[in-house]
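For reference, the chains in residue letters:
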Amino acid sequence: MISFLLRRLATMVLTLLVISVLVFAIIQLPEGDYLSTYIADLEAQGESVDPAKIEALRQRYGLDRPLYEQYGVWVLGLAQGDLGYSFEHDKPVSDVVGDRLWLSLILNLITVMFVYVVSFPIGVYSATNKYSIADYGFTLVGFLGIAIPNFLLALIMLYFANVWFGTSIGGLMDPKFIDEPWSWAKLLSVLEHLWVPVLVIGLSGTAGMIRRLRANLLDELNKQYVVTGRAKGLPEGRLLRKYPLRMALNPFISDIGSLLPEIVSGSVIVSAVMSLPTTGPMLLDSLQSQDMYLAGSFLMFLALLTVVGMFLSDVLLAVLDPRIRLEGGVRR
Amino acid sequence: MRGTGTDQTGARTEGARGARCPASALVRCLSDIARFAVSVRPTLLALLLVHLVAAPLHAGEPPLLAADVAAGKLPAMAARLPQEPLVVDMAEPGRHGGSIETLLGRAKDIRLMVVYGYSRLVGYDEKLQIRPDILRDIEVKEGREFTLHLRRGHKWSDGQPFTAEDFRYFFEDMAFNQEFAKQGPFAELMVDGKLPTFAVIDEVTVRIAWEQPNPTFLAQLASAQPLYIYRPAHYLKQFHAKHAAPDELGKLVKKAKAKDWVGLHYKKDHQYQNDNPEMPTLDPWINTTESPADRYVLVRNPYFHRVDRNGLQLPYLDRVVVNIANGKLIPAKVGAGEADLQARNLDFKNYTILKQGEKRNGYRVHLWKSGKGSQLALYPNLNVKDPVWRVLVRDARFRRALSLAIDRHEINEVVFFGLGIESNNTVLPGTPLFKPEYQSQWARFDLEAANRLLDEAGLSVRDSEGIRLLPDGRPLEIIVETAGEDLNETDILELIRDSWYAAGIKLFTKPFRRETLRSRASAGETLMSTWFGLENGIATADASPVELAPTGDDQLNWPLWGLHTMTNGKGGEPVEDAAAKRLVELYAAWAHAPGTAEREGIWAQMLKINAEQVFTIGLICGVPQPVVASNRLHNVPSQGLFNWNPGAYFGLYRPDTFWLEGE
Amino acid sequence: MTATMPHFVSKAPFAPEAVEAMSAAQERYYLASQWRLMWWKFKRHRLAVIAGVLLLASYGSTLVTELVAPYALGSRNTDFIFAPPQPIRLFHEGRLQTPFVYPLRYKLDMETLKRDYSEDRSRPQRLRFFCSGDKYRFWGLVEGRFHVICPPEGGTLFLFGTDRLGRDVLSRLVYGARISLTVGLIGIAVSFLLGISIGGMAGYFGGWIDACVQRVTEILRSLPVLPIWMALSAALPVTWSPVLVYFGITIILGLLDWPGLARAVRSKLLALREEDYALAARLMGARPSHIIRKHLLPNFMSHLIASATLSIPGMILGETALSFLGLGLRPPITSWGVMLAEAQNIEAVALYPWLLWPMVPVIVIVLAFNFFGDGLRDAADPYH
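Residue numbers (the numbering used here), protein chains in the order written: chain A, 18 to 349; chain B, 83 to 745; chain C, 617 to 1000.
Honestly, the hints are just simulated from the structure, not real lab data.
Glycine residues also receive a C-beta, built at the ideal position from the N, C-alpha and C atoms.
Take the hints with a grain of salt, since some may be wrong.
No more than 20 Å apart at the CA atoms, straight line, and that leaves these computed lysine-lysine pairs for PhoX-like [what the hints assert, rightly or not]:
#1 B/Lys276 - B/Lys264
#2 B/Lys209 - A/Lys70
#3 A/Lys108 - B/Lys349
A short list of chain C residues far from chain B (calculated; beta carbon distances all over 12 Å) [as the list claims (entries may be wrong)]:
#4 Leu670
#5 Tyr675
#6 Gln713
#7 Arg721
#8 Leu895
#9 Ile949
#10 Gln960
Build out the structure end to end from the sequences listed, making use of the hints.
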């Protein structure tokens, strides 16, 4: 088990390294660099810029260096915990992000919890009561969750939360609490705002999860050992708990790997629509303005989230299923 | 822009005191522009800046500061104000206190608070005349020598004196400094490539002089994004190698992850960006929040130099709170009553929803007017690479036909409820340089004339669908490249597409990112693109006609010709069109014109050529801009001009005079 | 079993063929191919059949879009901007009529600048069917005027209301289907091909192939999809025509979707290859590709189909998300994503809710795909 863990950890680091190359390459893909978007942005506003100053800035930011050099500087910095420099804010990235990383982490964790807590009972119920009215009902609601584009759903829910409950539009709390120290009122305000993004981000993940759990459980329920168990007179509940459910849990856990990127990605766009103080809005801004170190460090953070999530899912899976832990003893 | 100051006599002019007004017609213009309005409240609008010799005796401390004053932490108001504060007259003098909230789309937009605050050495008043503001007075000699008189006793927001030293620091330690020059010269200070000379006369007087006249200097100082020729020297010296101890400076450079001390200096010197709370300022409100943030709190500047006629120190409002929210959410938030003063990120199409929240949320929606020459204009690229197209685009008949084949009335009705003005891309009606023919020439909807002109231009052959054919047999398909960030843009193009189709022209729209748009135009890939019209549609003769002639590589209709002029012939291509060539000559003549009258003549010629030649195809100007203000907020005019420069958005109406009732 | 049965012995000679002989129905069943069996089973799943018919109809409609839509794509009516939906009516003053609509009366509320419409109940306007209406070019080639349904003579027919240029929302939806429905198909084809072959290899062979594929999928999947979409679509050459951009985007969507499928295939194979029948096949000398195709693949076809049904709508939604971000498809191209992106504002939610109509076909198509997939899944399940 320990060697499995070590191997897994080593590959994780390697994975992150490859991701860093990919991330850097992707950020560089669109033509132009930060300064060209900066100029266009200023001109759209009516502000002027001096071309000579731009050239000086390009040198100051090291944008005139070859790409591999820029990459090297960034990755070496990352390894030492230095997130690089944000051109847009003219500050080190670490000063720019502030609490955003933590808030993102918390938002994503809460959403994952929401997905699990909601989808597990519904998935089991749907599978054991196949084609019942409730099964169709849940399926329908779940699909509505998948089908409505989440950015639009976010807007609709924000609007009605405001009209019905008077919740301020967007953000993670009422603006007046932003600078205040933590208090009950502030916590309440956060909870009042938090449910909308969690629901919006989590809904499609939940629907997918219910669907997969139901499908897996159905596969297991049709297996012969279940028939045998039932024939031997095992009570239905015990039969379910003892074998098929555990088997069906296997992909349920391995799905963390697919759930996390989905949630992280979904939270980016939903946070942007809802102006949450998470990494999302800033990431989109930095991608659009080609503020490459800021964007790169954010992407690396999100990638880290999912890589660690997958690592955990693999470890859990190994604990649950010895076949995987022992690598199945590959025979040909 | 001010009309005086370049009189040949060279005598001290009175322009600074507002004696002459070449732009007196602007009063009329403003009320014309706001033709939506019926009842103007001139008393409220007319906000006169008057000089008084001494501060009034009767004075009340702003309650926010009273405790600090009582505790001796802060000098009393009389000691905080300059000896001669700027006395502002307004319709409704108000009371101190309160805090308003407003919304901005991005953290770095916090710089707009410097624009709204509009505290400048000299600034535009509501008649768009330049008056002293931070300066007590300014003297202009031969249009090239400027003597600036500061207010004695004026202080930075941290209580340090604001003196000639702050100007000296900028000129001698920054503008003339070799280390800074390496980072790019101060081009905005140059006239014919030469920097001015600078002299300190005494503690409150400095003189700046160029060899040649600098007709745009005052406008630069008064601009929304001003030319700052002073710096808080006492603060910045700690980052300057000439003044700071090397090892201390080294530590600071390292801490800020800067490359060298110049880099550090640039990083701290964010007078306009407004994101360095440590930096002292002369603005009405001081930003106290480190950037980036989701909520910025700006607090009153206890040393601000303006007072009302009752002797109350301005600004009235203690705090301005700026919340950062997604631009798309801002209309919804404003409609839900989450802003006390808002115009940015509101569009005319939000009017209905804003209006519906009016009663419930206790605000009013005003409609101000945009000062742009055209809300959207088409730019045929005269430097397009394709030889067949190039010949065609350079044919004035073709451009005129395109303009004639646009139904501006329909665009106005569909997109702006008919509240805009159908017009060429030119100065707005009611402004002093305006003539009706600039607005209407080749701008009526006349398909017959358009078809005739196109036939004359050699495009009479049509295909089976009725689309005209180019001389080489290709169909006449115009691809209009657009930044496409605004739905209005694609909508308007959709409308144009139909009427052009009737003239046998096919229009395709292709959206690009803004920066791509520009580089494609310069490379001659673009045939036609869209952008705003004239940035300054309310220009006076003293404003630079730079936008009317090929002068820069950022001009989408002739980027290469513009580059040629800009680089004095080193880059780009020489201007090949007779009319455009004439525009370049006129532009040069303007810069060296001796007086306002001559400049007026030059402007008239340039506007006329532009209207005749249809170098850009303007569509609608004077479009309404919703401005939302809380019912409790006083002195926000119900009609106004919402313009970047001149105007500084709210700045023209001095937000430091806005005040809150109740509480 | 209290009653005793009478003793019986058949006198007929024993003929083994007679016992083994099958009825015609039995014969048909036992000799039917796997696909035929699936079809029979599928037919029993009524909801799936309905969904299948619906999908077929939707995709079919994209072939004759121009005929189905009451208005042509570019057609706009600037006298009716933001007009609400006009219901089709059958009763006028209590009497049954052929289908008709009431004309709209327009009034501008000068106070809020809201366009108010009311129905003029006095003048019913009869709809026209199989009629001549707006001019269009069928598939951009042949000019025509024939429509299945047309607005009344001199009247309007805005079943789903109109947008800010007075364009009929229903017609735009019908035209948008052509783009939106096919985005998923092309994308899923790319994704499926890659997912099954790569995931299959990894799962069956294990070892270093598995390790490599695992890493690659892990890397691809831990990159947040959205920024990659953004970057990739921003990197599409600017000179591409809208059609090329559309294909580029579908392929990007597909290229980023396969790792999920590959992972699912792999994990299933990993377990299945240990089954006895796989071992048996291996012992009998079957080649790996044969084992995967004949023995393993049918086993988790159900899982694959479940994933695929979830993936197609995912791509349709992906297209909307890209449009929303201003990447991908943009007006003047009409797709459901573009329409939804245009409805992404407070006005649509609060004042003109009919602009949110594109949500309905998206939902219906997603549901249809899921029920359809459900039916297929059950039909393909060999244990069922």
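Quick rundown of the hints versus the structure:
1. B/Lys276 - B/Lys264: Status holds; Cα separation ~16 Å.
2. B/Lys209 - A/Lys70: 34 Å, violated
3. A/Lys108 - B/Lys349: 8 Å, holds
4. Leu670: 32 Å, holds
5. Tyr675: Given that every Cβ of chain B is farther than 12 Å from that of C/Tyr675, nearest at about 28 Å, it holds.
6. Gln713: It holds; C/Gln713 is separated from chain B by about 34 Å at its closest Cβ, greater than 12 Å.
7. Arg721: Non-interface label stands for C/Arg721: nearest chain B Cβ at 18 Å, farther than 12 Å.
8. Leu895: Per Cβ check, C/Leu895 is outside 12 Å of chain B; nearest 58 Å; holds.
9. Ile949: Per Cβ check, C/Ile949 is inside 12 Å of chain B; nearest 9 Å; violated.
10. Gln960: Label violated. Min Cβ-Cβ 7 Å, cutoff 12 Å.
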